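There are 2 protein chains.
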Amino acid sequence: MTSPFVPGPALRIAGAPGGPLAGLTFAAKDLFDVAGRPTGGGNPDWARQHPVPTRHAWAVQRLLDAGATLIGKTVTDEVSLGLLGENAFDGTPLNPKAPDRVPGGSSSGSASAVAQGLCDAALGTDTGGSVRVPASFCGLYGIRPTHGRLDLTGMMPQAPSSDTTGWFARDAATFARVSEVMLGEPVAASLPTRLVVAADAFGFADAETAAALVPMVRRLSALVKEVREDLLAPPGLSVWARAQRTLQPYEAWLTFKDWIDRDNPRFAFSVARNLISGSAIPESERQWATMMRAEARARLAWLLPPGTVLCMPTTPFPAPPKGLPLATLEPLRARIVCLTSHGGLGGVPQVSLPGAHVDGLPVGLSILGARGSDAALVAVAKAMVT
Amino acid sequence: MTSPFVPGPALRIAGAPGGPLAGLTFAAKDLFDVAGRPTGGGNPDWARQHPVPTRHAWAVQRLLDAGATLIGKTVTDEVSLGLLGENAFDGTPLNPKAPDRVPGGSSSGSASAVAQGLCDAALGTDTGGSVRVPASFCGLYGIRPTHGRLDLTGMMPQAPSSDTTGWFARDAATFARVSEVMLGEPVAASLPTRLVVAADAFGFADAETAAALVPMVRRLSALVKEVREDLLAPPGLSVWARAQRTLQPYEAWLTFKDWIDRDNPRFAFSVARNLISGSAIPESERQWATMMRAEARARLAWLLPPGTVLCMPTTPFPAPPKGLPLATLEPLRARIVCLTSHGGLGGVPQVSLPGAHVDGLPVGLSILGARGSDAALVAVAKAMVT
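So the sequences go chain by chain: A and B. All residue numbers for the first sequence refer to the working numbering, where the first residue is 1 and numbers rise by one. All residue numbers for the second sequence refer to the working numbering, where the first residue is 1 and numbers rise by one.
Okay, chain A solo, but in the shape it has when bound (with noise of 0.2 Å):
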């Protein structure tokens, strides 16, 4: 079974003394510097034209100064780009709640050392879902926050304008601490008011998985004074994952555009064709993406105002099989990319919940709120639990 680590010395950088995350251990996804080791961004081609960082990204050094300890780099799909969690140069890590399965991805590595139990807690990033789904798909807390709200310094880029910095837990006190620590702010005091429940999303889900989150969405109901269903996406989830694939493959082109002109790095087959597809894009759609992702961020702030979360499932489905041919994934991503791409979209914060199986295979029930209303969701979490 693969390493969720990626190769390399062993690494261990002791957090400050006596921090409020002193005890605990994290591992970060490759794309987040480490001084003094390479960046490796999931591809035997990136570190070599990159230079060794000499700081710590914003979000290693964060835990750090709080008392947590540094244990190791973990594997991520290629360039960030990916959703199941297997990279053809690094492996696939275990998905330890489903060893025949895929860990998720982009953020394979370090939601599979924080399932198996390696580490306490685990960065990771989020553009397109790349938090969200391996949460779901390992059983573990994991967070999308706010975009814009936390320093990127020092994490790889894919697609700026919907890239975030996330984070993964097993259990609800530890994703808290965790979380206090990211946001610089207290888990909130008082807990969401209003519930709706995304009728679209539960709809597109499997009908397997969305029996099996019944019973969350009903332990959450009785957090709130009211729950009502409504619409996430009035224009269809694949509208909005329709803009969402064009932005952002677009922007992850120009990201590594330059890099790739002068290198011509090796990557798996569909990684190539996922970025020449965003080279492709023409000028016409992503103006009706730019469009398309007002309008999501109009509608999220009207479904979503402070008081209110919804609530949806993570994925459509539990992990699949390692090792599907092409063919047969891609209509797969296709579906859970309509589940994920309001984040990169809208922007808004989401918390994946873990609790409930298929067949004795995760899945998560993810909570959205407003923007800005990341503690919150953090203070739903807790609750969910106690």
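Hints are computed from structural coordinates only; laboratory data are not their basis. Given the structure is predicted, the values throughout are model-derived calculations rather than measurements. Be aware that one or more of the hints could be misleading.
Note: identical chains are not told apart, hence a pair may lie in one copy or across any two.
Said to hold, decoys possible - Here are the computed lysine to aspartate or glutamate pairs in the DMTMM-like style, where the Cα-Cα straight-line distance is at most 25 Å:
no., residue 1, residue 2
1, 257, 330
2, 382, 171
3, 322, 208
4, 322, 258
5, 322, 100
6, 322, 261
7, 322, 263
8, 322, 359
9, 257, 285
Once you've looked at the hints, dock chain B against the given chain A.
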């Protein structure tokens, strides 16, 4: 400097005693099966999915039976898609005539090994120029035989309607010995009597390259009774190239798509892009290209009646520097194809002759004849040096 041989245990298979090639050594491009060795095809994920061959390829067996000793398998551009000889996984075999330049590809290791004197001859393949280009860049004799003439059993295909088995040698005598065995025909006793100088091809080459080839054209002219100028491709060398760049990548896609779908193999970005372009070629373009191929064949049949040989620069310039960025390489590659596409389109035999230099860098003069006139071209190659 990268070895021209693929990694693996030392290889030496002695030729049959007393054959016409006794005493000669040869290498085979890693597209040819050698019993008991994986056929790598220049890609790290090809051999894993394909069984180790139990029989030698026809071409390998042919040379062994004639007494030549096999001493290695050679590096190739990935799945033979490439004309420069830079393999992102295996490195760039040395061009000993121009150490800071590419060797040419895709039969890069075979050309490098012969040019370095590591063996007397080497097998390559030529679909779109993969023997002719490295022969030109490394200053070697190289042949692309008449399409369909040789048995391709045990040779990894790329685009079957253009694929051929070719070979390299450093000197005309060895080239003729190997050619007689491979062709199963003695070198022709009489020489062609008419020479066509391809005015469009000389005009398309860099001026320095065209000028450097003039002395060779004069020697060639002295061997025949009649010399005239004519156009190789009246519709335009670039129009023929477009037809070949439509048919060949589409066929290559058909050849590799099942493997790609099953295995999501790793490729250099440029190779994946080539395959993806092939997958996207519309039916209408292929129909046009098929008609242009029929016209090209008619043109070549008219231009090259028995007893006529045509000459042209093998490549429009000598070997470019190693490690150029893609944006610089692509136009160079496109220009090379304008001088090589007649081979895949028309199926006529072609021999590249060494002997000219631009600023100390080798560049080849090519001679072409009617389909089946391979032995006559070899006779011209011999006559040029006596």
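Each hint, compared with the structure:
Taking the closest pair of Cα atoms, residue 257 and residue 330 come within 25 Å of each other both inside a single copy (24 Å) and across two copies (15 Å). In this assembly of identical chains, the alpha carbons of residue 382 and residue 171 lie at most 25 Å apart only when taken from the same copy (9 Å versus 80 Å across copies). In this homomeric assembly, residue 322 and residue 208 come within 25 Å of each other (Cα to Cα) only inside a single copy, at 20 Å, whereas the closest approach across copies is 56 Å. For the identical chains of this complex, residue 322 and residue 258 are inter-copy neighbours only, at 18 Å across copies versus 32 Å inside a copy, given an alpha-carbon limit of 25 Å.
In the homo-oligomer, the alpha carbons of residue 322 and residue 100 lie at most 25 Å apart inside one protomer (6 Å), although the nearest pairing across protomers, at 43 Å, exceeds that limit. Taking the closest pair of Cα atoms, residue 322 and residue 261 come within 25 Å of each other only across two copies (14 Å); inside a single copy the shortest separation is 32 Å, beyond that limit. Taking identical chains as interchangeable, the C-alpha atoms of residue 322 and residue 263 lie at most 25 Å apart only when they sit on different chains, with a minimum of 12 Å there against 30 Å within one chain. Taking CA atoms no more than 25 Å apart as the test, residue 322 paired with residue 359 passes inside one copy only; the shortest distance there is 17 Å, against 54 Å between copies.
Only within a single protomer do residue 257 and residue 285 lie at most 25 Å apart by alpha-carbon distance; the minimum there is 20 Å, versus 28 Å between protomers.
Violated hints are absent here; each numbered hint is respected by the structure.
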